[in-house]
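Colleague: If you want the building blocks of each chain, they are given just below.
There are 2 protein chains.
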Amino acid sequence: MAQLQAQDLAQAVNDRMTDWQDPSFQQVMSSLVRHAHAFVQDVQLTPEEWMTAIQFLTATGKMCDEKRQEFILLSDTLGISMLVVAIEQARGAAAHTSKPGEERPTEATVLGPFYWEGAPELELGADIGAGNAGEPAYYHGRVTDTAGKPIANCALDVWSGDGEGLYDMQKGGDAGMRLRARFHTDADGGYRFWSIKPTFYPVPDDGPVGGMLHRMGRHPNRPGHMHMMLNAPGHERLITHLFVSDSPYLDSDAVFGVRNSLIVDFAAHPAGKAPDGRVMDKPFHTAHYDFRLVPTA
Amino acid sequence: MAQLQAQDLAQAVNDRMTDWQDPSFQQVMSSLVRHAHAFVQDVQLTPEEWMTAIQFLTATGKMCDEKRQEFILLSDTLGISMLVVAIEQARGAAAHTSKPGEERPTEATVLGPFYWEGAPELELGADIGAGNAGEPAYYHGRVTDTAGKPIANCALDVWSGDGEGLYDMQKGGDAGMRLRARFHTDADGGYRFWSIKPTFYPVPDDGPVGGMLHRMGRHPNRPGHMHMMLNAPGHERLITHLFVSDSPYLDSDAVFGVRNSLIVDFAAHPAGKAPDGRVMDKPFHTAHYDFRLVPTA
Chain W
1 MAQLQAQDLA QAVNDRMTDW QDPSFQQVMS SLVRHAHAFV QDVQLTPEEW
51 MTAIQFLTAT GKMCDEKRQE FILLSDTLGI SMLVVAIEQA RGAAAHTSKP
101 GEERPTEATV LGPFYWEGAP ELELGADIGA GNAGEPAYYH GRVTDTAGKP
151 IANCALDVWS GDGEGLYDMQ KGGDAGMRLR ARFHTDADGG YRFWSIKPTF
201 YPVPDDGPVG GMLHRMGRHP NRPGHMHMML NAPGHERLIT HLFVSDSPYL
251 DSDAVFGVRN SLIVDFAAHP AGKAPDGRVM DKPFHTAHYD FRLVPTA
Chain Y
1 MAQLQAQDLA QAVNDRMTDW QDPSFQQVMS SLVRHAHAFV QDVQLTPEEW
51 MTAIQFLTAT GKMCDEKRQE FILLSDTLGI SMLVVAIEQA RGAAAHTSKP
101 GEERPTEATV LGPFYWEGAP ELELGADIGA GNAGEPAYYH GRVTDTAGKP
151 IANCALDVWS GDGEGLYDMQ KGGDAGMRLR ARFHTDADGG YRFWSIKPTF
201 YPVPDDGPVG GMLHRMGRHP NRPGHMHMML NAPGHERLIT HLFVSDSPYL
251 DSDAVFGVRN SLIVDFAAHP AGKAPDGRVM DKPFHTAHYD FRLVPTA
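Residue numbers (the numbering used here), protein chains in the order written: chain W, 1 to 297; chain Y, 1 to 297.
For the record, the hints were derived by calculation from the structure and aren't laboratory data. Backbone N, C-alpha and C fix where the C-beta goes; we use that ideal spot for every residue, glycine too. Among these hints, one or two may not hold up.
Here are the simulated lysine-lysine pairs, DSS-like style, with alpha carbons at most 30 Å apart [what the hints assert, rightly or not]:
1) Y:K149 to Y:K67
2) W:K62 to Y:K149
3) Y:K282 to Y:K171
4) Y:K62 to Y:K149
5) W:K62 to Y:K62
6) W:K171 to Y:K62
7) W:K67 to Y:K67
8) W:K149 to W:K67
9) Y:K99 to Y:K171
10) W:K171 to W:K99
11) W:K171 to W:K282
12) Y:K99 to W:K62
13) W:K67 to Y:K62
Computed footprint of chain Y on chain W, listed as stretches where at least three residues anywhere in the stretch have a Cβ under 8 Å from a Cβ of chain Y [as the list claims (entries may be wrong)]:
14) 11 to 25
15) 41 to 51
16) 60 to 73
17) 81 to 92
18) 215 to 222
Input sequences plus hints: build the corresponding full structure.
Modeller: The following block contains the structure:
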């Protein structure tokens with residue numbers, strides 16, 4: 001039999017793959033093996049470092065449960081989730097033949113671990129912030145395609161933590177859904193709702209990934225942001241955030257999700273009449289953002 | 001703030017590392033991030049593939065317990081464990097200044113998941129195979145350094161599966177230790193003991209890693225081998241196997257551990273007198289191997 005040298009091992013592993021019924025799986029695995037071996041060679045990984053990695057991965061798996069996904073957190077904090085998002089958005093844009101005068105689609109960012117399917121469907125203008133910690137904020141704007149054509153009846157999922165940086169899912173079993181809803185745009189593509197102005201918060205940092213961040217000398221914080229997911233027939237789905245322009249950590253988001261085009265001014269207003277006619281008895285903010293979706297090919 | 005493009009994300013992650021109290025951790029993590037991002041870029045990983053990877057890693061973590069380490073199995077089956085072994089052995093050899101006429105040290109291979117600390121210390125010549133499935137085999141040889149000088153009192157840990165390919169650890173809680181022992185070489189570096197002739201067996205393939213192997217079109221089998229670990233003061237520790245020369249799967253060891261220099265003939269003998277004077281009432285094998293250890297720098 002052929003004697004394998006260290007530098008030939010990756011090729012030997014890949015030569016062993018024989019079931020080509022799924023070419024994309026084979027392609028992904030071959031590349032993974034090549035890069036994993038190149039990494040081990042580059043750093044001349046020691047048996048002790050290898051064992052540390054085995055123990056880290058095991059602990060990361062053990063930390064995962066219904067409400068916590070430590071491997072997604074690992075992917076997020078190493079910038080890998082955002083890279084996958086960027087690649088996916090480029091793929092969607094490339095498939096779309098843009099016409100003269102079209103504008104760039106709204107940028108995507110990470111889904112994050114706090115999306116919860118089945119949030120209540122509410123009428124435009126509803127307030128999902130009432131009763132939660134945080135300063136009131138009125139969100140409004142329009143959804144169009146990249147040519148500027150309004151998209152009516154676009155499903156708009158919104159979710160965020162509260163004014164103290166906590167999501168409902170982090171508040172224990174009985175808290176139920178809070179600060180989430182699904183809206184649908186009006187005939188002109190318009191949307192509007194009330195919630196709170198989100199604040200910065202730390203990603204869960206009491207597990208293996210938190211230990212890694214600590215050892216890297218990194219903080220675990222994300223700047224304040226409102227999650228938005230837009231689904232309209234005939235258009236690419238968009239998963240994104242609106243980032244609060246005066247939030248700390250915009251320059252050092254722990255999951256690398258910030259895009260310049262997603263940073264939004266939350267204009268401060270004294271108590272009084274809001275843009276939708278509601279009379280507020282305390283100060284509030286307004287945040288305006290227009291979304292542009294890519295028509296599917 | 002600076003807008004990050006996909007190709008800049010890896011650098012952005014690495015720029016975030018600020019705690020240089022542990023330069024080797026930083027070096028390993030920086031390389032890991034670069035290679036992980038290059039992998040995702042190379043294959044243009046889709047969100048669906050990414051989620052499959054997250055779920056695979058999570059299931060792999062969940063499969064780990066006191067007696068099963070699925071991440072080590074993953075590392076083994078992707079050739080990474082063997083690569084780390086090869087790098088470590090090269091490091092030891094490089095640190096040693098060899099003199100003219102010295103021979104190459106015995107090659108190392110993977111530790112595997114079945115080492116069990118605290119096996120009984122037995123006298124040379126003892127039989128650890130009796131009462132277990134498998135054909136009897138007499139193992140003998142000498143331990144020297146690379147200059148040929150005998151190493152007396154070298155601790156020699158040996159372990160293997162039985163003649164049906166099963167290790168004691170796989171036989172349920174009450175089976176206890178079987179087919180394992182620690183011996184010590186005599187004044188001339190000699191060793192000898194009886195066990196069984198090991199047979200090929202599958203690595204545990206009922207978990208996520210087994211699913212991966214199946215999807216790759218790979219079998220899970222390892223050729224028959226006797227594990228050996230040698231520890232002697234003043235010498236590099238050696239972890240290796242002796243592979244059975246007429247075993248199936250020598251060309252396709254599921255963990256890529258085979259080295260040509262570790263393949264040993266198990267000479268077949270009819271019932272009768274064995275080399276150590278023992279009279280065997282059934283056919284048996286003899287396996288001869290001399291080990292050469294590297295003096296520590």
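Colleague: All the hints need checking, so say for each whether the structure fits it.
Modeller: Verification of the supplied hints:
Note on K149 of chain Y and K67 of chain Y: the hinted pairing is violated, with a Cα-Cα distance of about 39 Å set against a maximum of 30 Å. Only pairs whose Cα atoms come within 30 Å are accepted, and K62 of chain W paired with K149 of chain Y is rejected, the gap being roughly 49 Å. A C-alpha spacing of about 26 Å is found between K282 of chain Y and K171 of chain Y, which places the hinted pair at or below 30 Å, so the restraint holds. Under the criterion of a C-alpha separation no larger than 30 Å, the hint pairing K62 of chain Y with K149 of chain Y is inconsistent with the structure, at around 48 Å.
Taking the CA atoms of K62 of chain W and K62 of chain Y, the gap is near 6 Å; set against the 30 Å cutoff, the hint holds. Distance hint between K171 of chain W and K62 of chain Y is fulfilled; the C-alpha atoms sit about 25 Å from each other, no more than 30 Å. The suggested pairing of K67 of chain W with K67 of chain Y holds, with an alpha-carbon distance near 27 Å, which does not exceed 30 Å. With a C-alpha separation of about 39 Å, the suggested pair K149 of chain W and K67 of chain W falls outside the 30 Å cut-off, and the hint is violated.
Restraint check: the Cα-Cα separation between K99 of chain Y and K171 of chain Y comes to about 47 Å, which exceeds 30 Å; the hinted pair is violated. About 47 Å separates the Cα atoms of K171 of chain W and K99 of chain W, which puts this hinted pair outside 30 Å; it is violated. Straight-line distance between C-alpha atoms of K171 of chain W and K282 of chain W comes to about 26 Å, which keeps the hinted pair within the 30 Å bound. At roughly 50 Å between alpha-carbon atoms, K99 of chain Y and K62 of chain W are farther apart than 30 Å, so this suggested pair is violated.
Between K67 of chain W and K62 of chain Y the alpha-carbon distance is near 15 Å, which keeps this suggested pair within the 30 Å criterion. Restraint check on the segment 11 to 25 of chain W versus chain Y: 10 residues with Cβ-Cβ distances below 8 Å, three needed, restraint holds. Figure legend: the segment 41 to 51 of chain W, annotated as covered by chain Y; annotation consistent (9 residues with Cβ-Cβ distances under 8 Å, at least 3 required). Only when three residues or more bring their CB closer than 8 Å to a CB of chain Y does the claim for the segment 60 to 73 of chain W stand; here the count is 7, and the claim holds.
Check result for the segment 81 to 92 of chain W against chain Y: holds, 10 residues qualifying (beta carbon to beta carbon below 8 Å, three or more required). Given as covered by chain Y, the segment 215 to 222 of chain W passes the check, having 4 residues with a CB less than 8 Å from a CB of that chain where 3 are the minimum.
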